[in-house]
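Fit chain U to the given chain X structure using the hints.
Number of protein chains: 2
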Amino acid sequence: MDYFIENCLPYVTLAGALVALLFALFSASKVLKFSEGNDTMKKISVSIRKGANAYLKRQYTIVAAFFACMFVVLCLMAVFGLLTWFVPFAFITGGFFSGLSGFVGMKIATASNARTANACIESLNRGLRVAFSAGSVMGFTVVGLGLFDISVWFILLKFVFRLEASAITGAMLTFGMGASSMALFARVGGGIFTKAADVGADLVGKVEAGIPEDDPRNPAVIADNVGDNVGDVAGMGADLYESYVGSIISASALGVAAFGSLKAMALPLVLAALGILASMLGTFLVRTGESTDQKQLLRALRRGTNTSAVLIAVLSLPVTYYILNDVRFYFAILAGLVAGVAIGAVTEYFTSDTYRPTKKLAATSETGSATIIIGGISLGMLSTILPILIVSAAILLSYFVCGGGIASADASRGLYGIALAAVGMLSTLGITLATDAYGPVADNAGGIAEMAGLDPAVRERTDALDSLGNTTAATGKGFAIGSAALTALALVASYIDKIKEVAQKAGETVVENFNLMNPVVLTGLFIGACLPFVFAALTMESVGKAAQSIVVEVRRQFKNITGLMEGKAEPDYASCVDLCTRSSLREMVLPTVIAILCPIAVGLILGYQGVVGLLAGATASGFLLAIFMSNSGGAWDNAKKYIESGVHGGKGSDSHKAAVVGDTVGDPFKDTSGPSINILIKLLSMVSIVFAALVFKYHIF
Amino acid sequence: MDYFIENCLPYVTLAGALVALLFALFSASKVLKFSEGNDTMKKISVSIRKGANAYLKRQYTIVAAFFACMFVVLCLMAVFGLLTWFVPFAFITGGFFSGLSGFVGMKIATASNARTANACIESLNRGLRVAFSAGSVMGFTVVGLGLFDISVWFILLKFVFRLEASAITGAMLTFGMGASSMALFARVGGGIFTKAADVGADLVGKVEAGIPEDDPRNPAVIADNVGDNVGDVAGMGADLYESYVGSIISASALGVAAFGSLKAMALPLVLAALGILASMLGTFLVRTGESTDQKQLLRALRRGTNTSAVLIAVLSLPVTYYILNDVRFYFAILAGLVAGVAIGAVTEYFTSDTYRPTKKLAATSETGSATIIIGGISLGMLSTILPILIVSAAILLSYFVCGGGIASADASRGLYGIALAAVGMLSTLGITLATDAYGPVADNAGGIAEMAGLDPAVRERTDALDSLGNTTAATGKGFAIGSAALTALALVASYIDKIKEVAQKAGETVVENFNLMNPVVLTGLFIGACLPFVFAALTMESVGKAAQSIVVEVRRQFKNITGLMEGKAEPDYASCVDLCTRSSLREMVLPTVIAILCPIAVGLILGYQGVVGLLAGATASGFLLAIFMSNSGGAWDNAKKYIESGVHGGKGSDSHKAAVVGDTVGDPFKDTSGPSINILIKLLSMVSIVFAALVFKYHIF
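Residue numbers (the working numbering), protein chains in the order written: chain X, 17 to 717; chain U, 17 to 717.
Please note that the accuracy of each hint is not assured.
No distinction is drawn between identical chains; accordingly, a pair holds when it is met within one copy or between any pair of copies.
Stated by the list, open to error - Below are the EDC-like pairs computed for lysine to aspartate or glutamate, each with C-alpha atoms no more than 20 Å apart in a straight line:
#1 K561 <-> E382
#2 K279 <-> D18
#3 K376 <-> E364
#4 K222 <-> E582
#5 K657 <-> D230
#6 K561 <-> D594
#7 K561 <-> E517
#8 K222 <-> E382
#9 K575 <-> E382
#10 K657 <-> E229
#11 K673 <-> D230
#12 K673 <-> E224
#13 K673 <-> E382
#14 K667 <-> E382
#15 K376 <-> E660
#16 K222 <-> D670
#17 K279 <-> D670
#18 K575 <-> D670
#19 K59 <-> D230
Bear in mind the hints are in silico, worked out from the structure with no lab data behind them.
Chain X extracted, bound-state conformation:
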């Protein structure tokens, strides 16, 4: 039996990956059968597609240059014996597949926006099916490519190069670093693009000129729609590819440390394959009637995700027992799964306008924009309590149930348990991502419906889909953040293992004093806790800067193009797209480079103990900041929508104006800075692992 687990399972998981990719292909073909609608719609859709393509092409060029530099650095380190030769290549593939995930997602999203709008002419259910199928393409591409990449490397390293277990996981962690770097570029760049366009379009269009959202007279409207695709779709694809892969490989690495065998390493891969199966079954259950009632639509999606979650909860019990002969680890997986759902529910509670917090927030708009800003910030900060408690409970449970003790000697199984919790949380990513990625498609569809002047009933339908997308996006963010915290912790544990391995090779011993009263650990903790703040600041500032340039350009066009406001002349959409592209690409480099250099610099000064402090500090404060910013942003957005539904004076009232200010502040919070921090905290750990040998050899303290 052990023979089967160690030698055949990797091929099984590879097969699972291929099934996911085939399913993505199948969903794509389903979407493409639908019509793109009339000529205007086609034209708009082509403009969006062109803009998104142009952006991604330029983004990939810059990223490729970065990867080439890093490749050279890693090769040099391999020459000096600080790394194995697999590392540079693993790094490249991780980046490649992460980028590919985003690219495929963008392709299908831009191909299905007009189709969704057109399907909404016929019925809401049809619209939902097109948009959701497009989301599925993205979801299953991400999990398929992720599991494919891991399985192939595993097979290659084990059966072709015949490496030991710990060497295999070592190389695989590097490919996580590649994926994280790519994801950070995509999230930051795309996030700046989309929010600069959105903020810019809103500030001049909605607030100054008083024209509705997505009005074709607004010169930034195409850029805004392009942004949804390059930020919310391509960025999210790369991001979640990274999360998925990161959780699996960190669990594999800790499994090897805990059991010394390949069995525990194989379990996360098998869970991932099971999750793909469960997700696929779940997608077939998503369909709705004709009511645009939020609750009914949500129920349609929930039916799919909940069924998948239950399936995986049931299936993973026998599988875990079969592979590890130990049922305790099942509870870690279950804890992760439940924690993910619970954080999602909390996120929804704090950000959906069906609950009290967002309703209360909407009421603060009556005393102006200052009070809604204060209210939103305190709402977001307050919303961190429950997720922190949920994740803490998951950590304690998965650690102690799996047999981890307080003394560090018997910690390895407990740490493996924590890593498995992260895998459990992300196991149904196929379908949760599908429900998440369909949102921007619906958003775009609404834009196209508006610009093409379709019947208001169509816009109502796309709005219903879009609004639901906000809720599922909130849930998705909960998963992303929760899994990021658990994975980051697992990676810190892997880092310590790596340092021990390096020390053993050098014939030295590791001073395992990661005690909080060790000043090196403590200052590392301080600096680490500061990093997410700095990162959030830089990305927000970038959005602000880019948005200001859009504002200036839109104002210029309104002023200089005669007949624009009367709808007699066309604005110059391309100049706004180009402006967003240039500024977001310029701004995306610095934050990412800081994220990569910081752990190396801290390591060279404070040593590996300082790095452990850094990683723990960044994880704690990053987790909090990410939740705070995402939830504040989400609540502002929905408070605005709630007011638009007619309360507190409705559209155009002073309350609404105040709420628009809140929403505008929330845009970079929830779609640029917040989600980037999730990637940041993992990237820091992965970079530390890759540069562990260097830091071990050279450091001041």
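Chain U in isolation, oriented as in the chain X frame:
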């Protein structure tokens, strides 16, 4: 010589305390000799005084009830042998003196606001001298009472009760808990009052009705001025009393742990006495000419503070050598002193409109309130880097120079070094607080000048003084935050010592696993890092709620009192004062109670290892959040003032309106939540220390 140090020095420091108190009395008599001006000014001043008195009376009633409850709890714990009988009494005195510091400050501030305004009629220099003397009363009362309290307890416990060194410091730490509890009530309650009044007055008065700040027609104008006194003065007094006392007693406690003798315990007291001397000399150097030029005024104040800092830097070298026979500890003191000045300079750089960040922030107002909010938040977040690095450097330096090692066995001297750095940072508190406390006096003077319709030249002079006050307040905040971080760390070390002591008495051993990979420590860290966020959220929400009630009341008066806008009828000032009083007192209880219950609850669940994680997490995230919020708020305030000086359209322009929104959001940031967090992180540690025996005996994990 040792005999002299151990037996006579406490009397010397007591004498130093008395000198400080005498100096405060002398400054007070100087202030009271000036005239309060004409009848209108007297009348206004009396209203403010009455409001402030009424508020404090009701606040102290509530706080007294809280202290009575805590006294009973502590007595019960003493009955069960979980505490010594000194603890309940020490707790009460700490609270009493902290409250007294605030009370005296408020008394002198409300006595000197009209006097400052009247002195400004004559000359700027005269105005500065009155306001600065009032600040000095507060500064020297705080340090005098602090050192008095510590010296008396020390003498009592040592010479009357003849306790051992560790028992002395144990009791003294409790009195820190009393001071911190009182300080938190004062800061939170006063902070909510002042900002509710300020925000409420601005939102309706400036934004809606379009009347200038401090216009007598605004019904909330007296409440606003009362707020300056109960929040910025009484709150700050209690706060800094707590900081001062906390740094000294935590250093004393660690000194005993490191040296096992009273010598190291006496050093912080002696440094404090020296600091009083240096501060007194410094105050004589503060005087200015007739120019309202900011730089010249600032130079006048800086002459005083810098001279004091240099004096203490010189004097502490021989004293340290004399007491400890070891010059290394001097460098820890110096590191703290320099770090304090450096953090102050960074704060000034980020918040003063003479530098780039605030100027850039002011420019973002041109694209509306959303961009200035985003800009201010990112400015504040970005401004955390340098203070974090400065404090980290101070920690590493003071730890390693004083002979702390990486292995925990030889850590005690290093930790003592960190605590001494905090003492060094606060040693010149007498004068830095004087320059800080004079700000609200000048602010009030400006209000009185406006309300009494004095010559615009007078208002110009008070504005010059007030504006300078913003800068010195920023510097003061830097000191408060920096010292809070260092003191909090010292208190964590004291907590671990306390746990060891408790264990020894119980005949058990302590598992000293405060390792970051211990899941109990880690979850403690997560929860601790979350606390400042929750605390900030609660206090901001309170300000928002209270402000909204003021807005409603002011709108009501504008509508119902005929002739009010034309200046023919008087508004009902008292109702606004009363409203602020009630809502701030109601809102101040919950955050403080949470701060006290949280470490106990976490301790009972996660055990003492979890508590150590909690304290470290709260310190790291609290430090960051406090700096972020203070600096964002300060920068918004000054960006608004900068625009009022005529750039970006000046007063009344759209840019100015946007800047007012920023300033309004910044108000609770910088004057309620931010400064409260400093107290919070120390209170958490002190509560943990007092309840250590309970937690050691009963806990789940």
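Legend entry - Contradicted hints - numbers only: 7, 17
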